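Engineer: These are the residues of each chain, in order.
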Amino acid sequence: MQEHDAGSGGSQIVVQGVNHLYRPPKGRPVLALEDVSIEVRPREFLALLGPSGCGKSTLLYLIGGFLPIETGSILLDRAPIGGPGPDRGIVFQHFALFPWKTVRANVLYGLEKMRLPRKEREQRAQGFIDLVGLTGFEDSYPSQLSGGMKQRTAIARTLAIDPKILLMDEPFGALDAQTRHLMQIELLGIWRRSPKTVIFVTHDVQEAVYLADRVAVMTARPGRIKTIVEVALDKGDPGIAKSKAFIDAVDAVWGLVRDEAIKAQGARVSP
Amino acid sequence: MARVAGIDTKTRRHESQALITFGWALARALPIIALALCWEALAASGVVTPFQLPRFSAVLARIWTDAVAGDLALNAALTLYRALVGFAIAAVAGVILGMSMSRSLAVRWLFDPIVSVGFPMPKIAFLPVMMLWLGVYDLSKIAMVVLDAIFPVVTATVAGLAGVDRHLLWSARNMGASEREVVWQVLLPAASPQIMTGLQVALPIALIVAVVAEMLMGGYGLGGAMLQASRFADSRGVFAGIVEIAAVGYALVKAMALVRHRLLIWHQEAQAPTTV
Amino acid sequence: MSVLLRYLPLILLAACWELAARLGLVSQLALPPLSQVTLAWIEMLRSGELLANGAASLWRAGAGLALAIAVGAALGIAMAWWRPVNAALGPLVEMFYPMPKSALIPVTVLWLGFGDGSKILLIFLGCMLPVTLGAFNGARGSDQALVWSARGMGASRLVMLWDVVVPSALPEMLNGIRTALALAFILLVSAELIVAREGLGYLIGYLGANGTYDAMFAVVLTVAFLGFAADRAYQALVHRLLVWRE
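Protein chains in written order, with the working numbering: chain A, 1 to 271; chain B, 1001 to 1276; chain C, 2001 to 2246.
It is worth saying that the hints were derived from the structure and are not from the lab.
One or more of the hints may lead you astray.
[Said to hold, decoys possible] The calculated EDC-like cross-link candidates involving lysine to aspartate or glutamate, where the alpha carbons are at most 20 Å apart (straight line), are:
(1) A:113 to A:162
(2) A:242 to A:204
(3) A:113 to B:1179
(4) A:235 to A:213
(5) A:119 to A:130
(6) A:101 to B:1165
(7) A:242 to A:186
(8) B:1254 to C:2094
(9) A:101 to B:1181
(10) A:263 to A:34
(11) A:235 to A:44
(12) A:244 to A:230
(13) A:113 to B:1181
(14) A:101 to A:122
(15) A:101 to A:139
The structure presented is a predicted model; accordingly, all values stated were derived computationally and were not measured.
So that you can see chain A by itself, here it is in the shape it has in the complex (with noise of 0.2 Å):
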């Protein structure tokens, strides 16, 4: 059983009143983030957690450097962060796999990037596939796995490039139910064992309070951080979803968000 320390990921993020006008190709901009702030502790797991359209995979995307910063900063252990790369990797809901590649070349191409020795490459690309559970897939094509194998190739191909933070976009939204709670399980388990500060985005309260440290809920567009609540509840324990705390946590949370989620369903379906 190979040893994984948690390695780079315990960077922290600082966002400082970010504005994001989203411009669509036809019709008026719609400001999509209003002055978010937010400070992400090093190696926590925290959820952003809203209504549709409340901009949670917006702001999770000009962290990762995919949108330019127009308003506001954004602050990597301290420094402006610049475009794409490996410091904050990202896992997508549509899995975003290289459907040319086969499990073991997906799960390579970051770690051919970091210019490693070749022995070294492999060994640590079989090591994630086996942590993610794919051991005996890794000459798999994508369009011959499961929605849930395709998701752990994701997982393992991002946390092979040791990225300083972890950023997942619903990274289980795509799955059917029973395979989502399986990977969150499975996810938690991973995380408890190596943890890295991951900014987790979904819109599902129970699977916001299982994972994570703290939950930030933002509200309807455009979004800001409305709350952010403090999960105290012990992750270890495997029977903790049934527990009435866990019951109570996600109550107060989801009272905290069904305004916002009714906001959302008002407001026009396009600008």
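Once you have looked at the hints, place chains B and C on chain A.
Structural biologist: Chains B and C only, in chain A's frame:
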């Protein structure tokens, strides 16, 4: 004892599987065989003259003599040479143009109307212009092939590149790929199914244009030979030519489908569009 | 305004043509100035040469295409609807589809000579298969739910064919017809260039052989433009027919 029986049923299942596949192949070949037989019967019946419809067997015999004499190989090779060289040029130039169009708005603006207006045009009408400019030998034929075959390649490349999921590109950048690496290692492979489809459309077009150009300009080649046969009222030669060209066309399409299957084995569909 | 901007490159191309020819960058024989070509075009229009040959060409293409659509569509729908028809004809369609239809030019001439008949036959045979394939795929894809609800309402098989299958097969069939339309122009021009005594393709060859290249270019552009215009007009027609789809 049970183990031996197990092996027996397994081989028997394999055998019956093979028989089923063979049966299906036979069922599919049946209409074609029936057609060949009808052809032979109709030609032999006297309802039509041997000139109008030579016997299938006679046509086959003629193909055989052509093959033995080396004419078939010569003509087929020439036509294929012109078609494939033109196709290769169209493929490379088309992909490059498609890539430039998708990267540069100016290039896109410049070529968009040319491509969209040129696509539905019967570009074969420009054949006499090509003859005027480039003569009546291989060059004008190949140029004509390029003119016709490049359009589907460009269109498919532009569409393929535009359809690439931006998250794939983001992932690549996320993992530290430079812009050049993103284009060549991710963008192009991601667009390759659609580009391949464009190539599969372009190849049969290349063949037809080569044949028509040969018919117009004469000389050697499958088209030229067939037109000469019609001039000499050599109906067996004409029918032989049809069968030969059909066979070449069929072989090219199948070869292309095979290439697609090997290159795109990771892709779910295996769409093989066919020809003009 | 935006339309003008979109087609500006073509106008620029025309300007380059005129300039290159006028400035002597290319031989005026090989590439007559666009203005000269236009004048030749007007002259042929006046003399009736263009219209007479144009009419001959369009008549041939139209007749061949109409036959191809009628027979091809019937064939495709029949193949989709009745299993034995599909079993009998499917492999034949699949075998003939990759064949370059231009290979039929000499044989149609052998049978019907240099006149209209050979061209109409050529276009009919060549354009039939794309229509068949389009109709077949369209009819096969007929929304199963629609078929069942029609049957539930007591429709006989034939009525169902007409009321449900044909309309839902329409989009794909119309797409097949679009392919056939382009193919018709290609086959028409090819045949007329090689084996004809009238028609636009013949006119191009005749003018080229005579050395009147400006007139030749004029007809080449006319033919090219006709193909383009036919495609656009067809798309507009299809759009109106399929308004219910979106």
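Engineer: Take the hints in turn and mark each one as holding or not.
Structural biologist: Going down the list of hints, with the structure as the test:
1. Between residue 113 (chain A) and residue 162 (chain A), the direct Cα distance comes to roughly 12 Å. Compliance with the 20 Å bound is thereby established for this hinted pair.
2. Proximity of residue 242 (chain A) to residue 204 (chain A) is assessed by CA-CA distance (about 17 Å); at most 20 Å being required, the pair is judged to hold.
3. Between residue 113 (chain A) and residue 1179 (chain B), the direct Cα distance comes to roughly 13 Å. Compliance with the 20 Å bound is thereby established for this hinted pair.
4. The suggested pairing of residue 235 (chain A) with residue 213 (chain A) holds, with an alpha-carbon distance near 9 Å, which does not exceed 20 Å.
5. Between residue 119 (chain A) and residue 130 (chain A), the direct Cα distance comes to roughly 17 Å. Compliance with the 20 Å bound is thereby established for this hinted pair.
6. Between the alpha carbons of residue 101 (chain A) and residue 1165 (chain B) the distance comes to roughly 16 Å, so the proposed pair stays at or under 20 Å and holds.
7. A C-alpha spacing of about 18 Å is found between residue 242 (chain A) and residue 186 (chain A), which places the hinted pair at or below 20 Å, so the restraint holds.
8. Annotation: proposed proximity of residue 1254 (chain B) to residue 2094 (chain C) holds, straight-line Cα distance about 12 Å (limit 20 Å).
9. For the hint linking residue 101 (chain A) to residue 1181 (chain B), the alpha-carbon distance of about 15 Å falls within 20 Å, and the restraint holds.
10. About 16 Å separates the Cα atoms of residue 263 (chain A) and residue 34 (chain A), which keeps this hinted pair within 20 Å; it holds.
11. As the CA atoms of residue 235 (chain A) and residue 44 (chain A) are separated by approximately 13 Å, the hinted pair is consistent with the 20 Å bound.
12. Pair hint residue 244 (chain A) plus residue 230 (chain A) holds up; C-alpha atoms about 16 Å apart against a cutoff of 20 Å.
13. About 10 Å separates the Cα atoms of residue 113 (chain A) and residue 1181 (chain B), which keeps this hinted pair within 20 Å; it holds.
14. For the hint linking residue 101 (chain A) to residue 122 (chain A), the alpha-carbon distance of about 15 Å falls within 20 Å, and the restraint holds.
15. At most 20 Å may separate the alpha-carbon atoms for a hinted pair to count; residue 101 (chain A) and residue 139 (chain A) meet this at roughly 9 Å.
The structure is consistent with each of the numbered hints, conforming to all of them.
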